[in-house]
Amino acid sequence: MRVPPVGKCILFGGHRGCGKSTELRAIAAELAGPERFLVVSIDALQALDINNLTYADVALALAEALAASVEQAGITVPEVFLTPLHEWFREVSRNTALTTSLSGELKAGVKAETGLPFVGKLFASLTAAIRSNTTYKTEIRERVRNSFSALARGFNPLLSFVDSEVGK
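Convert by adding 15 to the 1-based position in the sequence shown; the result is the number in the working numbering.
Hints are supplied without guarantee of correctness; some may be wrong.
[Said to hold, decoys possible] Taking lysine to aspartate or glutamate pairs in the EDC-like style, the calculated list, with each CA pair at most 16 Å apart, reads:
(1) K183 with E50
(2) K35 with D58
(3) K152 with E50
Hints in this document: simulated from the structure, not taken from any laboratory.
Using the sequences provided together with the hints, build the complete structure.
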C-alpha cells in the first residue's frame with residue numbers, strides 16, 4: 016500500500032463496482048487495531064439513501080458510527096463531552112413533528128441509557144428518519160444544516176477527547 020505524503024489526500028474515483036469500497040475496506044483493515052488507529056466507517060448503501068443524499072445525512076451517519084466504534088473500543092466518555100450533543104439534539108428536534116414521533120422512544124432511552132450509547136441512538140434516530148421517512152426528511156435536513164456549526168462546536172471536543180484516549 017502506498018502512503019500519501021503528509022498533508023496530502025488520495026481520491027478514489029471510478030464507476031460503480033470497480034473496487035473503490037473494497038480497496039477502502041482493505042486500507043481500513045490494515046490501519047485498524049489497538050496499536051494503530053480507531054477506524055470509523057459506514058456502509059453508505061445500508062446507512063444512507065444514496066439516491067437522495069446531503070452532507071448532513073453523511074455527518075449524522077458518521078456520528079452514529081463513531082459513537083458505536085468508541086463504545087465498542089471500551090472508551091468511557093465523560094458527560095461533559097456529551098451534554099452539548101444532547102442539547103444540540105434537543106434544539107434540532109424542538110417543536111417539530113419529529114419530536115412527537117420520537118418522544119416515546121427517546122424518553123424510554125433516557126431512563127434506560129445514558130452516555131455515549133444514548134448519544135449514538137439520538138444520531139441513529141435522525142439517520143433512520145432521514146433514510147426512511149419522507150415526511151421528516153426535509154425538515155430534519157434543514158434543521159441540521161441551520162445548526163451545523165453548533166453540532167461541530169459540540170462534536171469537536173468529543174473527537175479531541177476520543178483521539179487522546181485512542182492514543183493511550
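Hints, one by one, checked against the model:
1. The hinted pair formed by K183 and E50 meets the criterion: a straight-line CA distance of about 9 Å does not exceed 16 Å.
2. Straight-line distance between C-alpha atoms of K35 and D58 comes to about 13 Å, which keeps the hinted pair within the 16 Å bound.
3. Restraint check: the Cα-Cα separation between K152 and E50 comes to about 40 Å, which exceeds 16 Å; the hinted pair is violated.
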